[in-house]
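The listed protein sequences derive, respectively, from chains A and B. Here the numbering used here is used: position 224 in the first sequence is 224, and no number is missing along the way. Here the numbering used here is used: position 149 in the second sequence is 149, and no number is missing along the way.
It is possible that part of the hints are untrue.
What the hints assert, rightly or not - The calculated DSS-like cross-link candidates involving lysine-lysine, where the alpha carbons are at most 30 Å apart (straight line), are:
id, chain 1, residue 1, chain 2, residue 2
1, B, Lys-111, B, Lys-125
2, A, Lys-163, B, Lys-3
3, B, Lys-52, A, Lys-163
Unchecked claim - What the simulated footprint calls covered on chain B by chain A, stretch by stretch (three residues with Cβ under 8 Å from a Cβ of chain A suffice, anywhere in the stretch; the number is not a length):
id, segment
4, 9-20
5, 109-118
6, 171-178
Derived by calculation from the structure, the hints in this document are not laboratory data. C-beta: ideal position from N, C-alpha, C; glycine also.
What follows is each chain in one-letter form.
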Amino acid sequence: MFLQTMVTGLGIGSIYALMAMGYCLVFSILNFSNFAHGAMIMLGAYVGFLFCSIIGLSFFWSLILTAIITGILSIINERLAYRTLREKSAPSLYLIITAMGVSIILENLVYSTIGSNFYSYPKIFSRNYIEIFSSTIGLIDIYSFFVSIICIILLHLFLNYSKMGIAIRAGVSDPVAASLMGANFNVLIRNVFFLSGIFAGIAGVFMGFRYMVYPQMGWITNKAYIAAVIGGLGSLPGAIIGGLILGIIETIVSVYISSVVRDVFSFSLLILILLFKPLGLFGVKLEDKM
Amino acid sequence: MLKITDMNVFYGHIHAIQGISIQVQKNEIVSIIGSNGAGKSTLLGSIAGIIKKTSGEITFEDNQLPAHSYEIVKLGVILVPERRRIFPNLTVNENLKMGAYLRNDNLEIEKDLEEIYRLFPILKKRTKQYGGTLSGGEQQMLAIARGLMSKPKFLMLDEPSLGLAPNLTEEVFLKIKEINQIGITILLVEQNAFKALEIASRAYVLENGRITYSGIGTEMLDNPNIKNAYLGV
């Protein structure tokens, strides 16, 4: 029972970690919380459903294609909604409100075109569970855990060893100095949004597969936001650890107490962390965090 | 090589640069001295494209300078900014690689890295260390080295001696001379007027956004007005 709980917790937690990393990437370079990220995840779930169920591609290819599409959608989102504000050096608050607006627009766009039906992904594995040490382990948990690990490793390699990755880290700490080295800040931002969109797409497909696909599912990402804050907004390791902690705690509460109070625990945890460690577990000190 | 004609810069209502015209010839070291708030950093920032000028013309090798800093860097016009602004979260090696951001000749970059480490031996011992952990003098060396990694034709240095102990200041100015001797034109902005005039071929005095005096560096050292105002003699 305990092993099963832990694996499920890690499975869910790794998806939270993916979502939280998307928040974190944008936050670290633009210093605002991109609440349109949840809508991107929702779109990812729909796009993945389209590939998986209607076109009939394999789960793996659906995942890859969805990631690319949400990556591009995320770039478009930045270009249309945020760039003008950035160029007028608007305060972060304006960007946050715009992001919320984008998320409402996208959600209602789905309502008015696809409708409010709930869809569920087709079966992808011939069996959903395997037995290890007499515990039932969900294959999707293992799958999502390993995909997340691969994403995290690839992101790490990209940020530390590629020229663009180094430039993004430089832009995070000092955009003006980075532009004095010849880096075009708009290009850095575009790549950051592409990455964050990729993570949104992958997380969306897993969320859709695990639960259901419906227009409001983006709000689940409130959890990812909690994860990002627990870890410390703007810190990538923080986002990962925060996501895993949240996933495990939620599963333990659901299993040993009741799934009804699960969210009560998540939000209480958020409040406790903010009370005792306002910067989160791995927080970076910044002037104002929103 | 670089020519500024009648440039004006405003910050809101503040007229920070008031109709400045200066010239820098190839292979010169030109210094701009002046007190705090005279507009020295604004002047360099406008050349580098991080501050938008209101009017006037800047030409480099007889062509208009483009508007964006990343296009200006491409031409070989590089600013080593005030307070060094190295990337604290990047290692020394990554900081230097960032300097070579627009270059694609990887073999040459490796060679230039070796050359940089020969010129600044202290950095070689620190390659894997984060920029933020370096001392002030090391950070200044790194900032200059990072500027050199982009293969500049025209290097601007903003207050390279700021916050450095006298012996380190001496070392930084020696390096600047050495860089000039390998064929890089230098425009230097300094509060340490004595040092700046000593190494300059020519110099300008900037006061409240206006050029009030210009001349040969060493001759200006003997000018009584400048002695009074900037050399504290």
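Of the hints given before, which are not true for this structure? 2, 4, 5, 6
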